[in-house]
Amino acid sequence: MSLAAAAAATATVAHAATTAAGATVAHTATTAAGATTTAADTHGFLSPTGVEIAFLLVGLVTLGAAIVSVTTRQLVHAALWLVVALGGLAVEYLLLTAEFIAWVQVLIYVGSVVVLLLFGLMLTRAPIGRSPDADSGNRWVALTVAVASAAALVWVVVDAFRTTWIDLDGAAAGSTEVTGKALFQNWVLPFEALSVLLLAALVGAIVLSRKAKANPPAVVTSAANEPADNETPASGTAASGPAASGTADPEKEGAR
Amino acid sequence: MHLAYPAVLSALLFSTGLYGVLARRNAILVLMSVELMLNAVNLNLVAFDVWLSRAAEETLHSGQALTLFTIAIAAAEIGIGLAIVLAVYRNRGTSDIDKLRDTAEGHETDGRGTDGSDSEAPAAQKAEATA
Amino acid sequence: MTTTTLAVLVPLLPFLGAAAGLLLGRTTPGFVRPLAVLPTLTAFALAILVAVRQGGGRSIDAATELTPTGSVPIELALHIDGFAALVAVLVGLVATCVQIYSTGYLRDDPRYPSYAALVSLFTSAMLLVVYSGDLMVLLVGWEIMGICSYFLVGHYWETPEARAASIKAFLVTKLGDVPFLIGIFALAMDAGSFRITTVLGAVASGGLDHPTLIALLLLAGVAGKSAQFPLHTWLPDAMAGPTPVSALIHAATMVAAGVYFIARLLPVFAASSAALLVMAVMAAVTMLGSGLAALAQDDIKRVLAYSTIGQLGYMTGALAVGDRGAAVFHLLSHGAFKALLFLAAGVIIHAAGTNSLAATSRMKGLRDRVPDAYWTMTVALLALAAIPPFSGFFTKEAVLGAAEHVATGHAEGIPGAAGWIVLVTGLLTALLTGAYAMRLWLRAFHGRGADAPDHGKQPLAMNAVLWLLAVPSLAFGLAAGPLSDWFDGRDLTPTLTTSVLGTGLALVGGLVTYGAWKHTTALAARVPMGAVAAHPEGDAAHVEAEAIASHAPAYGDVAAAPDPADPGRLLLGPLHRHAAVGFHLDALYTTLFVRPVQAGASLVRFLDREVVETYVHGAGAVPRLLGAAVRRAQTGNVQTYVSALLAGTVVLTVAVVLVATGA
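Respectively, the protein sequence lines represent chains A, B and C. Mapping of the first sequence onto this note's numbering: position 6 corresponds to residue 6, and the numbering continues sequentially without gaps. Converting from the second sequence to this note's numbering requires adding 1000 to each position, the first position being numbered 1. Converting from the third sequence to this note's numbering requires adding 2000 to each position, the first position being numbered 1.
Hints may be right or wrong, so weigh each one.
[What the hints assert, rightly or not] Pairwise CB distance ranges (calculated):
| no. | chain 1 | residue 1 | chain 2 | residue 2 | range |
| --- | --- | --- | --- | --- | --- |
| 1 | A | L80 | C | R2624 | 49 to 55 Å |
| 2 | C | A2601 | A | G137 | 25 to 31 Å |
| 3 | C | T2635 | A | L197 | 20 to 26 Å |
| 4 | C | P2623 | A | V196 | 44 to 50 Å |
| 5 | B | T1103 | C | G2618 | 51 to 57 Å |
| 6 | B | T1070 | A | V158 | 23 to 29 Å |
| 7 | C | P2623 | A | P127 | 42 to 48 Å |
| 8 | C | A2621 | A | T164 | 55 to 61 Å |
| 9 | C | R2624 | A | L60 | 51 to 57 Å |
| 10 | C | A2621 | B | T1103 | 23 to 29 Å |
| 11 | A | D133 | B | T1070 | 28 to 34 Å |
| 12 | A | V196 | C | G2618 | 56 to 62 Å |
| 13 | A | G50 | C | T2635 | 47 to 53 Å |
| 14 | B | L1100 | A | V158 | 34 to 40 Å |
[Stated by the list, open to error] Interface residues of chain C toward chain A, partial, derived using beta-carbon atoms under 8 Å:
| no. | residue |
| --- | --- |
| 15 | A2479 |
| 16 | L2646 |
| 17 | V2650 |
| 18 | T2653 |
| 19 | V2654 |
| 20 | V2657 |
[As the list claims (entries may be wrong)] Derived coverage of chain A by chain C (criterion: at least 3 residues anywhere in the stretch with Cβ under 8 Å from a Cβ of chain C; other residues may be distant):
| no. | segment |
| --- | --- |
| 21 | 130-142 |
| 22 | 145-156 |
Hints listed in this document are in silico derivations from the structure and should not be mistaken for laboratory results. Cβ coordinates follow ideal geometry from the N, Cα and C atoms, glycine included.
One chain only, chain A, in its complex shape:
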């Protein structure tokens, strides 16, 4: 389903995305050019550009949404906050001039993955309201490990890339054209291999979610109405099944 959606999205939305991203990029380029255009050393953290401020603000929203998503006690809310976080990330992609990926992010994650997760929550009869036991007893250990890893990663990253400057001027680094060219000039073989992998995942998901109905004939009556409802998660993936093999084609066409 995800790839089917992605393929459809690529085909239809590509033009609009390019135009919108182009506007943003133009804007940032002008503000950045107003400050300095020279080497990375001259850019200080105390004098942020507009793009940086936008990135920072969106990043705060994203991070906040993510944190709420992993801490809230209402399971459905967690999924919804995840939508916010993933959407925020899509905006960040746009700010980084990777517009194609931004739209793919929106379509696949926000559009399908989160929907799938919500399906899963419903199928496992997750409580709708606040559930006090949403977190396991492992929480404090988890917090320690997470904080430690965050500290270590931030420290390392900041220490390494303190002065590195991304020049966002000029043509978009991730426009559909650029990405399409790169994908189908240099990455064709992994791309095709990926389609095979998706097929395998599809088959695996069907096999896993199918009920073993071979043995007892006595259960046939109850099994008769179950498969239809019960295969809903499977049919979610199964729906992408027939399309999965065709996935590559529209995407290729769209890229071309």
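Position chains B and C against the provided structure of chain A, taking the given hints into account.
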């Protein structure tokens, strides 16, 4: 733009996802946290790709291509993962991962025998209930 | 065929018979009896032929070296002189008689095939010892006899007495064999060869460096094999084996091997007067002690066993005074009449259903039930008591004559004290021998009381053998004159003084016993006692096994019975109690050796259990504790595992970064 901004954001998102993976009880929430971690990595990939392609050190756009692949694989992963979670839920009547302790030391004495026999009925009921 | 070939065939035939018997015993039971009797019979005939060809003249020597064995060569050697030829004839005769007798005695025994094969193997080993000209080859036969005696004594292994006796026989003889082996090595090192002829040549030229040490070491092995004090204790217990085995092993062959060995190597012993004195004292203690013990035994076979020990003491005494002719002469006649005594005792046990003299002394008319055994046993007992003109008289007088010869100082290089010791104890033993022979005869055949049970006629094979053996018991003494040529040429005919003294003492002993018996026999009716075998209709071996097994429960002891009608009890007085148990030697050995060894074993066991195993347990406990601690972490919760994994990853990453940045 300073590379440090997306890099730090990515690191913080990754750690948030890490916390979720380790602290959440419901298996589906764990899967969500995994998605967060994947996205953090994606952000990193995109940021570095933009930087390197601008600096003309790398023209293959490998970061963005890899991001696309990661997104596709994440979609597949979430499909398989949910199928597994559902199968577990159907068999065990729960999707809380800290209750799935079959590999614990000395489990054979108290588990398995009762688990296997009486989990059929509730599983069927739950499956019906989902309808 | 040359005499050498015949001589090789003599030990070889019973060996092949034994191998064939063991192989075919199960599959073709029809061949077992011919395979048991015929090879032994042929070997007997060949031994006679060899003896005739050798004729007491020059010794026959032949040797072949199979493979080089270093500085001291080992050769397959034959050395047949007059001694070897005649002893081989005796062994063949007794073995043949025993094999024939066994066909009747173990008629229904399911283990007869292996029994017969072992008897054949035993015969073969003894013949090998007799003919061998090489000490190493001799040792092979010597040890085969040891293991065969272990199996044969334990033939009735269902009974605890037989099991204990077989182990005791094996261990005690092995106890002697260890110094024996060392002695043989020492002798070979001194002489430079294992060949007997070479050794004797070296002795003659004075080439031995440590004659006393070697002689005493060898003497230990001989004492074990020939049941001399202090290693004689296995022989009375070995009576728990079947009677034909007792006849073969414990009367004529195996115990004779020790005496024969000294006779072969007498110059080695004679080179050390200390060794001769030790031998004389050993013989004296053996003779007197066994004579007294024989007088107190209740089991008919144990009486004979102690008499065997005593007669072997005579032979050792003859060797101690340096006269191997007399020793081997006595060995030959003793082999014949003692085999006869044992075989006749087997018939009595079968007929009476008991091995207890207390029981037979309460049976009337036992001698009419077994007339063949009665008459032949009478002959044999007369021979044992050395009454002229039976064979024992001549041979025992030869021993006493040799002792007197030395005691009166007519022999060179042999201490006169040895002569006196042997002479005096020999005469005293003659008195005791007469007494216990008379007691045995009276109590076995002249009982009073209820009629002896009728268990039918004895098998012909058993009776015929008795008469065959009675011939040498009667007439072997006549050979004294011609036989002296076969030996060292010394005169074997009796001298007047010792003859009169010996015969007189034996008669006195017999008459005193008769008087005592007359005095006590009236008591027999007042104290009824006795137990007979539960299945008298079974074959003889079966009856005997039951009799042995029931002796201790019925009379309170395997050796003695609390019978006031026993003339031995009157004669021995307070000594009787001690004599019945072999003068407490077994108890002494238990205290001196068995208990310390068991204490040592339990100490070792304690060390092993408590000390060594503590280390082992400790070595196991630490990992077990660690394992318990680690097992605690095995919660089954995946999140815990992943937390630990990621925490470790973070720590490692930080460490790597720190190292990489040089911080």
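Satisfaction of the V2657 of chain C interface hint, Cβ to chain A closer than 8 Å = Because about 6 Å separates V2657 of chain C from the closest Cβ in chain A, which is inside the 8 Å limit, the hint holds.
query = Okay, V196 of chain A versus G2618 of chain C on CB: inside 56 to 62 Å?
reply = The hinted range 56 to 62 Å holds for V196 of chain A and G2618 of chain C, with Cβ atoms some 59 Å apart.
Cut-off 8 Å, beta-carbon criterion: hint that V2650 of chain C touches chain A = holds, 5 Å
ask   = Was the hint right that V2654 of chain C lines chain A, CB cutoff 8 Å?
value = holds, 5 Å
ask   = Is it true that the C-beta distance of L80 of chain A to R2624 of chain C lies inside 49 to 55 Å, as the hint says?
value = This hint holds: roughly 52 Å between Cβ atoms.
Interface restraint verdict for A2479 of chain C against chain A (beta-carbon cut-off 8 Å) = violated, 101 Å
ask   = Given as covered by chain C, does the segment 130-142 of chain A meet the bar of three residues or more with CB within less than 8 Å?
value = The restraint on the segment 130-142 of chain A holds, since 4 of its residues have a Cβ under 8 Å from chain C and three suffice.
request  = Given the range 51 to 57 Å, decide if the beta-carbon distance of R2624 of chain C to L60 of chain A lies inside it.
outcome  = At roughly 54 Å between Cβ atoms, L60 of chain A and R2624 of chain C fall inside 51 to 57 Å, so the hint holds.
ask   = Does the Cβ-Cβ separation between L1100 of chain B and V158 of chain A fall within 34 to 40 Å?
value = Taking Cβ atoms as reference, L1100 of chain B and V158 of chain A lie about 39 Å apart, which means the hint holds.
ask   = At the C-beta level, are T1070 of chain B and V158 of chain A separated by a distance inside 23 to 29 Å?
value = holds, 24 Å
message = Just to be careful: measuring from the Cβ of L2646 of chain C to every Cβ in chain A, is the smallest value less than 8 Å?
response = holds, 5 Å
Residue hint T2653 of chain C, partner chain A, criterion CB-CB below 8 Å = holds, 6 Å
Consistency note: the structure conflicts with the earlier hints numbered 2, 3, 5, 15.
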